[in-house]
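The whole structure should be built from the sequences, with the hints applied where relevant.
Residue numbers (the working numbering), protein chains in the order written: chain Z, 1 to 511; chain V, 1001 to 1331.
Worth flagging that the hints you see were computed from the coordinates, not collected in a lab.
A virtual CB, placed ideally from N, CA and C, is assigned to each residue, including glycine.
Any given hint could turn out to be false.
Stated by the list, open to error - Label pairs and their computed distance ranges (CB to CB):
(1) G452(Z) x I1323(V): 45 to 51 Å
(2) L93(Z) x P1123(V): 16 to 22 Å
(3) R1036(V) x P73(Z): 54 to 60 Å
(4) V91(Z) x N1213(V): 32 to 38 Å
(5) V91(Z) x V1141(V): 32 to 38 Å
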Amino acid sequence: MNALVSMSGIEKSFAGVPALSQANLEIAPGEVHALIGQNGAGKSTMIKVLTGVYDRDAGDVHLAGVPSRISTPREAQESGIATIYQELNLVPLRSVTENIIMGYEPKRLGFLVDWREGNMRAREVLMRFGIDIDVTEPLGNFSTAIQQLVAIARAVSLDAKLVIMDEPTSSLDASEVEVLFGVVRELKKQGVSVLYVSHFLDELFQICDRVTTMRDGRTVSTRNVQDTTKLEMIADMLGRNKDEIAADGLTDFAGAKAKKGDIVLRADSVSTGPRLTHFDLTLHRGEIVGLGGLLGSGRTEAARALFGVDGKRSGAIELHGVVGQPSGPGDAIVNGVGFLTEDRKAEGIIPDMSVRENMTLALLPKLASRGQIDFAREREIVQAFIDDLGIKAAHMDQPIRELSGGNQQKVLLARWLATQPDILILDEPTRGVDVGAKREIQSFIRSYVEKGFGVVLISSEFEELVEGADRIVVMHEGRSVKELTNPGVTENILVRALAHHEEGTGSWNAQ
Amino acid sequence: MLDETAFDLRKYLRRNSASVTVWIALLALILFGLMRYDNFGSAYNFSSFLNYNAMFIAIALGMCFVIMTGGIDLSVGSVAAFTSVVAAYLSPYGIQVALPGAVLAGVGFGAINAFCIIILRIPPFIATLATMLAAKGGALVISGAQTISVDWGSNFTKLGMGQAFGLFPWAIVIVAGLTLALWLVLERTTIGRTVLAIGGSEDASNLMGLKVNRAKAFVYLLSGGCAGLAGVFLASGFGAGQPLEGIGWELSAIASVVVGGTLLTGGMGSIPATVAGALLLGLVFNVLNFENGQGTISFSAYWQMVIRGGFLFAVILLQSRVIARQQKVLG
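Take a look at the structure:
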């Protein structure tokens, strides 16, 4: 059978830096094909070459055996390639129907839009995926998942032969993911190919036929999903031996657990509002305390309370043995607390600022005398962290938005480490970060704690909590309900602890 | 890991392509003027051009800081009109009273803006629109809707008409000093970097413990003060407080800032390029005046405004092309 898409020997470099070299990708008709690799491995560049966003320097692209002449995204669409981006390019204020038929509206008398016909078509195409919604409502009224499905429906209604999905599940909850998978299976049944890019390897086993792994701009392997293992994929992505990883564990947290020191932080029945009603926590020096819980359990609210972002209504917070909640982030920082936020894009980086400026923002008061910044010291500190954390940037004055997610996160971590805090609150420190950077970040956290500092770790990845934390405080509906102590905690024990408090509602959904 | 190269001109140009465009446009216009008109390069034209435009530069500088935080200050034109009247009333006491008095009045309006925006959380566009109307009305009230002549006997008019050290008009010296000072504030101080961080992401700035409210108050007080200074220049340069002046000045200031490559959404900006933007806007009029003087073609004041608009459009179009090309290269 002829491949639907065949890319071979693709070369592409930016300003002399190669992004792709000898990269290959082959997608069969009606196949769900996964594309994986660390950030910066070349996945997005590969997709952009295929969809005409970039011109390739060398190599061949064939569509159904014919040399491709796609040189703009529009031509890619016309050739039956539809791309569903993470940030959806739809119009939230207009109706579902409009979003689906826009640009291809059915007409009456040659110029009047036939809305009845349009609504019918929209309903029909959504029904094919088992979605029954009021298509005349504004798209923005629906959940992210539905919006994503509408984007896919639009693609299908334009007779796409290949749908490219870039991290489609990153903002969906468990039940929404199931609906999406149903749609992917339906597409496959209709003979449409899907190129599926994801960080979540577990998903691949549920829906993908084959997986292509990229590393450093090259194609490393293409395997049948049925014949491979998660470990093998990770080994391919990292360029490491799978047996070695099996011996080490998947995270880089495991290893010597440091001895506990004095108590540095204590929260006693703290409440800040309806989303955090009763929170207890004790943190010693040399210890990582994890906060476990489902989405909306109050984990992030607890972190905000400890950092003084949300004012407390009742209860007590004790820092270094002194009672009194920080009056705000500035006060918390002065008292040796740092807070790495969950939402890197909105609450972390300042996109247009350089790596250097981003790293020293929280440190500014200490870097300046009478308001004047000491540039020599600033560059020295930044350089030291870039070397220590292995941050990959062309130079320290490069805008941070040009860095990969993992490297951005390292810069933000350095931002807090530079203030030399006694306590670091880390909210999802490895979310959206590739496997390699994840391991590195985890080992920094461990070595930081071993120096006698304390860390509060929030993570939705059970694996990370179970292997990383010395103790886990389990949270449920704004309350801390249970404490688990390592060693001895397994994912099953943690899941059971969470589940125990879910029995009342009988629901397993995150929200 | 990093190669610390010294100064790389090409890299500098690529990063600052937006502000570089305005400098090129400015130089091109100056060259055009020098080649076409005899007295264009004369010391007299040079100094009177700068003297007249000093007030627009001052306002644009304040506006630049406000815009870098992602805000806007629409009140500057009316505030300048108001403070020109204040300066005229204070002129009998001499420049040493009139200048600080008028600037303080401007800062007062800035304080009202800051209060509305920071404490009452009114969006800057609305808050400063209200102040604009209030200052305009206030100027008419305190002047009785008449131009208020300054005291020619005091040293007040020296500021707009006399020369510092017998060389440059005072207004130029003051604005040059202000430019330098604000440049240093932006590039070298904590508050400058906080201003840029707020424009980049206010949420992130708050969570980093940056003094966000203090920096926002600073920019609105600064903008008010700059408008106050412009009012002093206006009164002393024309010999009268002008309650009806200042209409549309806020838009010229915004245009100067934008042409200088500062993003309206905040987070990025350049002080020298803002000055270049203000000069460019003024120079178009200057060139057209010379063209009228030549006698071959004559443009009415109305046509001059149309031409200035077209020129501005051309520069911004060029700028966006350069940026788009640069981003394509960077990927």
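Outcome of the hint check:
At about 49 Å, the CB distance of G452(Z) to I1323(V) agrees with the hint of 45 to 51 Å. The hinted range of 16 to 22 Å is satisfied by L93(Z) and P1123(V), whose Cβ atoms lie roughly 20 Å apart. About 46 Å separates the C-beta atoms of R1036(V) and P73(Z), a value inconsistent with the hinted range of 54 to 60 Å. Against the hinted window of 32 to 38 Å, the Cβ-Cβ separation of V91(Z) and N1213(V) comes to about 36 Å, which satisfies the hint.
Distance hint for V91(Z) and V1141(V): a CB-CB separation of about 48 Å, inconsistent with the stated range 32 to 38 Å.
This entry does not satisfy hints 3 and 5, going by the numbered hints stated previously.
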